[in-house]
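2 protein chains.
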Amino acid sequence: MTRGSLSCNMAAGSLPVALLVLLSRVSGFPLGQEEPKLTCGYESCHATKPNMLNVHLVPHTHDDVGWLKTVDQYYYGDRNDIQHAGVQYILDSVVDQLLKNPDRRFIYVETAFFYRWWKQQSPSMQQTVKELVNEGRLEFVNGGWCMSDEATTHYSAVIDQMTMGLRFLNETFGPCGRPRVAWHIDPFGHAREHASMFAQMGYDGFFFGRLDYQDRTRRQSAREQELLWRASDSLEPPMADLFTGILPNGYNPPEGFCWDQSCDDPPIRDDPDLEDYNVDDVVRRFLAIANHQAKVYKTNHIIMTMGSDFQYENANLWYKNLDKLIRYVNAQQADGVGVNVLYSTPSCYLQELHRANLTWALKTDDFFPYADAAHDYWTGYFTSRPALKRYERISNSNLQTCNQLEVLGGPVSRNGPFGKADSQTMKEAMAVAQHHDAVSGTEKQHVANDYARRLASGWQHCQVVVSNSLSALSGSSAERIYCDRLNISVCPLTESSEKFSVHVYNPLARPVTWPVRLPVNGSSYDVSDAEGRSVDCQVVPVSAQTAAVRRSRGFAVNELVFQAQAPPLGFTTYSVSLLRDGPPPASTQRRVPAAIQNQFLRVTFDPDTGLLSSLTNLETKRTIKLTQNFYWYNASDGHNSESDQPSGAYIFRPNSSTPFIISKTAKTESVQTPVLQEVRQWFAPWVSQVVRLHRDSRALELEWTVGPLPISDDLGKEVITRLDTSIKTSEYFYTDSNGREVLQRKKDFRPTWKLRQSEPIAGNYYPINSRAFIKDDVDQLTVVTDRSQGGGSIQNGSLEIMLHRRLLHDDVRGVAEPLNETSSVFPDGLVVRGRLLLSLDRPPSAADAHRPLAQQVVLQPTLTFTDGDLHPDTRLEFSGLQAALPPAVHLLTLTQWDEDSVLLRLEHQFQSGESKRNSGPVTVNLQKLFSTLEVLGGSELNLSANQWKDEMTRFHWTPQTGEEPLLKTLGDPSAWEVTLRPMEIRTFLLRVRLR
Amino acid sequence: MTRGSLSCNMAAGSLPVALLVLLSRVSGFPLGQEEPKLTCGYESCHATKPNMLNVHLVPHTHDDVGWLKTVDQYYYGDRNDIQHAGVQYILDSVVDQLLKNPDRRFIYVETAFFYRWWKQQSPSMQQTVKELVNEGRLEFVNGGWCMSDEATTHYSAVIDQMTMGLRFLNETFGPCGRPRVAWHIDPFGHAREHASMFAQMGYDGFFFGRLDYQDRTRRQSAREQELLWRASDSLEPPMADLFTGILPNGYNPPEGFCWDQSCDDPPIRDDPDLEDYNVDDVVRRFLAIANHQAKVYKTNHIIMTMGSDFQYENANLWYKNLDKLIRYVNAQQADGVGVNVLYSTPSCYLQELHRANLTWALKTDDFFPYADAAHDYWTGYFTSRPALKRYERISNSNLQTCNQLEVLGGPVSRNGPFGKADSQTMKEAMAVAQHHDAVSGTEKQHVANDYARRLASGWQHCQVVVSNSLSALSGSSAERIYCDRLNISVCPLTESSEKFSVHVYNPLARPVTWPVRLPVNGSSYDVSDAEGRSVDCQVVPVSAQTAAVRRSRGFAVNELVFQAQAPPLGFTTYSVSLLRDGPPPASTQRRVPAAIQNQFLRVTFDPDTGLLSSLTNLETKRTIKLTQNFYWYNASDGHNSESDQPSGAYIFRPNSSTPFIISKTAKTESVQTPVLQEVRQWFAPWVSQVVRLHRDSRALELEWTVGPLPISDDLGKEVITRLDTSIKTSEYFYTDSNGREVLQRKKDFRPTWKLRQSEPIAGNYYPINSRAFIKDDVDQLTVVTDRSQGGGSIQNGSLEIMLHRRLLHDDVRGVAEPLNETSSVFPDGLVVRGRLLLSLDRPPSAADAHRPLAQQVVLQPTLTFTDGDLHPDTRLEFSGLQAALPPAVHLLTLTQWDEDSVLLRLEHQFQSGESKRNSGPVTVNLQKLFSTLEVLGGSELNLSANQWKDEMTRFHWTPQTGEEPLLKTLGDPSAWEVTLRPMEIRTFLLRVRLR
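Line by line, the protein sequences are chains A and B. Residues in the first sequence are numbered from 125 upward in steps of one, following my numbering. Residues in the second sequence are numbered from 125 upward in steps of one, following my numbering.
Incorrect hints may have been included.
When chains are identical, the list treats them as one kind, so a pair holds in a single copy or across two.
Here are the simulated lysine-lysine pairs, DSS-like style, with alpha carbons at most 30 angstroms apart [said to hold, decoys possible]:
no., residue 1, residue 2
1, Lys749, Lys1052
2, Lys745, Lys448
3, Lys791, Lys870
4, Lys243, Lys448
5, Lys224, Lys243
6, Lys1073, Lys419
These are calculated hints, taken from the structure and not from any lab test. The structure presented is a predicted model; accordingly, all values stated were derived computationally and were not measured.
Chain A extracted, bound-state conformation:
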């Protein structure tokens, strides 16, 4: 149990104890207690019959962590008028029914719900459930807090939510609670990065339900519905190899065999004294389905998912009929029928596939976009609810700040001058928000509101942690003010105060420069840094865009802008004072300037249209033509000769492939100062933009403001911005997967089947989580986004990104609401604001710019404010690191695990070969990482932190290429020097104490 531990310069005797303590906490078994003999997992599977077709019946429920109802409404079974669903009852009922027949099996997936249920159970019920788990009768699959969306989630939040769910299972049930199988039966397309993460989390296999209808057809005839997914270009196989199975009926039972209370299929009526005895008919129908299904799979094992959304609330209905089905079908074996039906689980089914010892088709791309019919591309949700998507993304940034400061500030962070709090509320809110009907934007409006409210509540808790921690680290218990509406220039403190401090916490492991922009009412200010040096700053008039958007929530007339520089994993402080006799604010010019530029970039404008006309990288001396404008697609209302599919929360279906231009010209005004230069563009009362260049910035900022989308013409609208360039893209473009590795996309093309394109726009849209780029041999234009969005490259040299959607029809995928967002502040339709950051580089070095740029957007500085003068003893600057980490290394996770240990994830953030400078292996010394934390011991874990890395064994699968998997030799596991290879994430549990 000490393998994989890291030695450190501690007294020799203390290490094993420290590690044992850690291990006991991770595995859930208290120190010194003998693990009981268990027959869970693969050992608990029912025997199969080698010479028969074995049908694995998998009883399951699919419990959305919010969709038509909120997660808590689903838990309790509240608002059954919206949808009949009550998870508390599902778990009650399943446990009861499992106890009635030891053959029965059930899998449970969503720990967000299981956790709620578990804490309401009596100790004896908890013991009963433990026994069911230990006997493999109740098996957890997937096991994260939720079943995350794959298109719109960021890997950092996905890893967090998986870690939280799996940790609960580990601590509650030990090894028998560890899922062997990943299970994403509902998400609407599948990201390669998710597969990579699941592989690194130790899953033996992965099952899902939805894929493109053409892809399925081909795979059925080729018997390639089970395959080996090689999910990384960078990680050495089989590190990111994941066996992947496509389920036969989505995740539903075969037709006619749904026995849930929500279904109407005929029960098995086996009392010959009553009417309608139907056993013979049921057996006949079942055998026909099983034999048909066996024809499109490779082995003599097939799986049937016996359940669906929120099913098993009354599990008796299912099990009573399944018991009978198994009895009556297997009774046919005496008559020579070669079908064997059994209760099973995904892992038991997977084990049989593994035992078959076959080779499997290799897949290296992903499963986007997903279409379930020719005109039904699920590419709208890549953008749906853009405000929620942004709020989720910034909440992740806030949570990471909270996590880090909880560690760096020590115990006082959780119980300090500003009260008691911890990061748990925020963690749960973020975990819930990863659900495939949460950040995806495919939930009902009231549920979207609930997700946002949870994030807000989480941040309230975290603000206490952050205040406590910063108070400890700075030595000042002055009240800290948070201004969460700086994006619309609202902050009561800065608007009214004549003297205040701005504290900039940087959650990245390297220093950042960040433009601070504060609403003020004065005309001139002095800003000085932690050393007391005056900093260049500029007061500019608040733009008319902002004044319109903030809608009486603030009245600042000016904004104070300066560039803040913050140390790695630390904070710095700027003092701001109103100047009575300072210079006036910058003036705005009505005409468009020919160009704006800083030391790195030059941007020109067309004087006739007011639009961008070119972009030049002054370092590389490369210029591209670049025009940019805003357009809207007319969302199909479903009245169409080809199909009656409307655009909706899930589905993007434009009525025409040609978008409507909003305005060929922009009204402009500009502000040009040494600190920043802005061209403010108006395209319509509901579309405007600020083109902005900060001093020292290598990225051009396009701050767009879109909304309320007008619907008085009864036309649903999907607004895009399109960048048209001189880059010769040859129909290729590139998008990231969950914010990590980048995949190449080609117009009207799929790597694994011959595409019949039926939606020239929607069928060419892909999720953009953090960036997209277009390139040719000499130029690469990268766009870093501040949230997940959908986009495509329809014309060569062009990249379009969908910003906002307002739809008047439901798209008939269940949500039963048009995506038509309004609120009390925006009764006439939601206004959304966001940023695109453009970087023009030579392709071989583009990643050196966009990798750190994107991380800076994902983990942005957290600003806090204090009013008036600070106590002179206040520490104004702090870094939690001994030194900035190398550019290739991203500090992905630093969070308190328990009282004396922390979870650390270090990530190599470059892909193999994408950067000459940064794509090599890089080594970090864990002992020399932190400035204030002494590392007493540590162990490496799998990505999800529920297994010791060196105890993680996975099934080996052989691809059809015939290659033998490389069994990679890791470096000396006992060294503190840990090496990261491209795109590698390493996870450590460290025992620490504050120095």
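Assemble chain B onto chain A, guided by the hints.
Frame of chain A; chain B shown alone:
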């Protein structure tokens, strides 16, 4: 245990043994086994708090024995697309949940379902359920096979179905399985005769849910929702006194407190960590409802029915929330809230009302008609599905014949030359048909078909019993042919045979004369009786009416008519031979005769219209004016300024109070022969009638044929026949209650509240089960019906009876189908035929005619046929009685109970005072009853045969009149001579053997 036994001339030592054997079989405990100490029934009730308001929560399910789905579909949960309901799962689930908390209670009502479930359970589950019953945690209430309809059922079939259900409970569970409470929560109005029967079955009290909305309002303000119902004018109190409680919310839970899976009320959300914690709100709402309810009831106990139709399929939802409700509400007691909530049952609630020792309002009328709003009178179902109603009634007759012959024929009846069979299938079919959505006609069409199919199947089984028995009694094993379509002159045997025998079995305990009418193709026949004497007979041409109705199912051109005379409880035989040279068939005359008459009656016709014009009783020499015609009410389609209520299966709502006349004149033809005289009347292609007078008959027969009702005008139609007479009725008329006692009705009047009449026709309709009459001081015109029908007396001297209904709209009471009957034989709409028998008498002696006449219609002779010559040794005549019973005594039940005992019910069929001749007490000697059965021993039972009569003790209740209940002294219980008082039914279990 020998109290109440009857001595007989047997060896002295043998009697106690015989009785013990009987007792052991009735009670369900084998001989010699000690009864376990039990705390079921009243002893198992939870304690209440005398100084608080006690709220009795009664978890229950209401499981229709067929309605939208068939009984077996309901049992299995099949066709959940029609209605989500599966009784197997309800019982599974409730038992599971009762085991989780010993405080929980459940009541179960419908033994038809419980029996199906019980026989599929394992012995250990059966033992578990017995323990729950023995501890009073699962309690049976009502306990009949079904919850019978009260308006359209005949008492004989109701007693049978109650007996069957209660017997199963008795034999399965012993005393703890005996219901203490009758429970008719759903029937649509309440019959006094039902109350009388329940009293005689030993129930301590009765609860129901539906009553007239005006009645409820008055009773609420008077706190008279609980009352003492004196349910007989004849039986001495308290013999037919029944404490009756009206439930507060029909049978539903109070608003906002339905926690079934079928409901959407908010669950109790008591985890303060989750959203929407609502315990305080739930408690507040519950207390408000409880306190409000307490204001309209008399004691500090109130009842809440926590359940509804097919609820508790997932009982966990209910109980989990009820547990919480009880916990959180009672927790308020510590804060001085005086409300105590408890799990309870109707009997536990009843016990508390009894302990209150109050006096209760006395009620002597009934609860018909039922209206739930001003224009919503549930008086349509009195007639709905007239063909099913008739088929149910004749099936009862067949079943009683089957029962009797099963006894009289001995064991060979069940296993004889025609195969193995018993009466059980028919008993179950009849029991199921008593359900309040069966014979009531308020089920969906496919369910009505299922009831009919079950009755047909039952009769198939019974035909084997009857054939076996008659074979044994007659000594002839010649094949017996059954002709079930004689009413439309279809019988392949008589149509084709030149020589055959007709066997007439009479199930009455007195001889009958019965007109036999057989389809034949010959012109002349000889008919001779069992003595070989020739019998007057007549061949008449088949009427055009019949030829039209039978629709190619037969082609007989003539009918052979003769009067058969059959001995009591026995059969006789008539031989029929074709005569080659006999007289031709009677000829028909085109013109209407001035009159037809026999020795008892004279009927005149209006020569201009062809309608009846007068009726004369030639014995009493009284003549009344009598015209009779057919009309239709236009059924409301719901588009109406007063209310949007349409006529439907339940509700009768004519668009106008004036019915449309079908034709002012009738086309006629007549047949006049010494054997019978007929005037055949045509009113329309879809309405015709035969006015018929048989020789020796004291009743005038009106055989009506109605249908298909035309709907091409898009008007729903409700067809009545109306008798307009010179009788001075002064707004009174009279209808029977379930075929027994007669109640006086008065136009626009209710005996217990001041009626605001809002539906002048529908609000004056009452159920007619077997008869209705109008009378004045000198004349009484009684109409005996052949099925249940609705009717009224809207004008003085007038009596109308609704015959058939065809409706185009659903009446929004759940059945969700318009009552628009078609079939493969009648694709253009159902044709229905029936008979009214008219008797004109002096009022003091009218009952002497209508009592036997009605019984003769209810228990009509069963005809069987044998082809060719009978073996000369064949016994042609038989009576099971030593002598006919006195006119006042009706043999209600004679059926095999077990191998050596039979159940006998004798009934005094006259009301107190209705007949000078027959209303006195009458004595019968049980030992001298049967000709072929030796009575070895016997005991008297309660009416439902689940308790020894002398062990039956009931709660005593004091009416507000202040009277003290008479404790009636019965005659010597050990005598074989048993005396019957008016309207008394006495039930005996007799140990018999064939002499």
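Each hint tested on the structure:
1. Lys749 x Lys1052: neither (47 angstroms within a copy, 120 angstroms between copies)
2. Lys745 x Lys448: neither (75 angstroms within a copy, 74 angstroms between copies)
3. Lys791 x Lys870: Neither way: Lys791 and Lys870 sit 35 angstroms apart in one copy and 88 angstroms across, limit 30 angstroms.
4. Lys243 x Lys448: between (34 angstroms within a copy, 17 angstroms between copies)
5. Lys224 x Lys243: Both ways: Lys224 and Lys243 sit 24 angstroms apart in one copy and 19 angstroms across, limit 30 angstroms.
6. Lys1073 x Lys419: Neither. Shortest intra-copy (39 angstroms) and inter-copy (70 angstroms) distances fail the 30 angstroms Cα cut-off.
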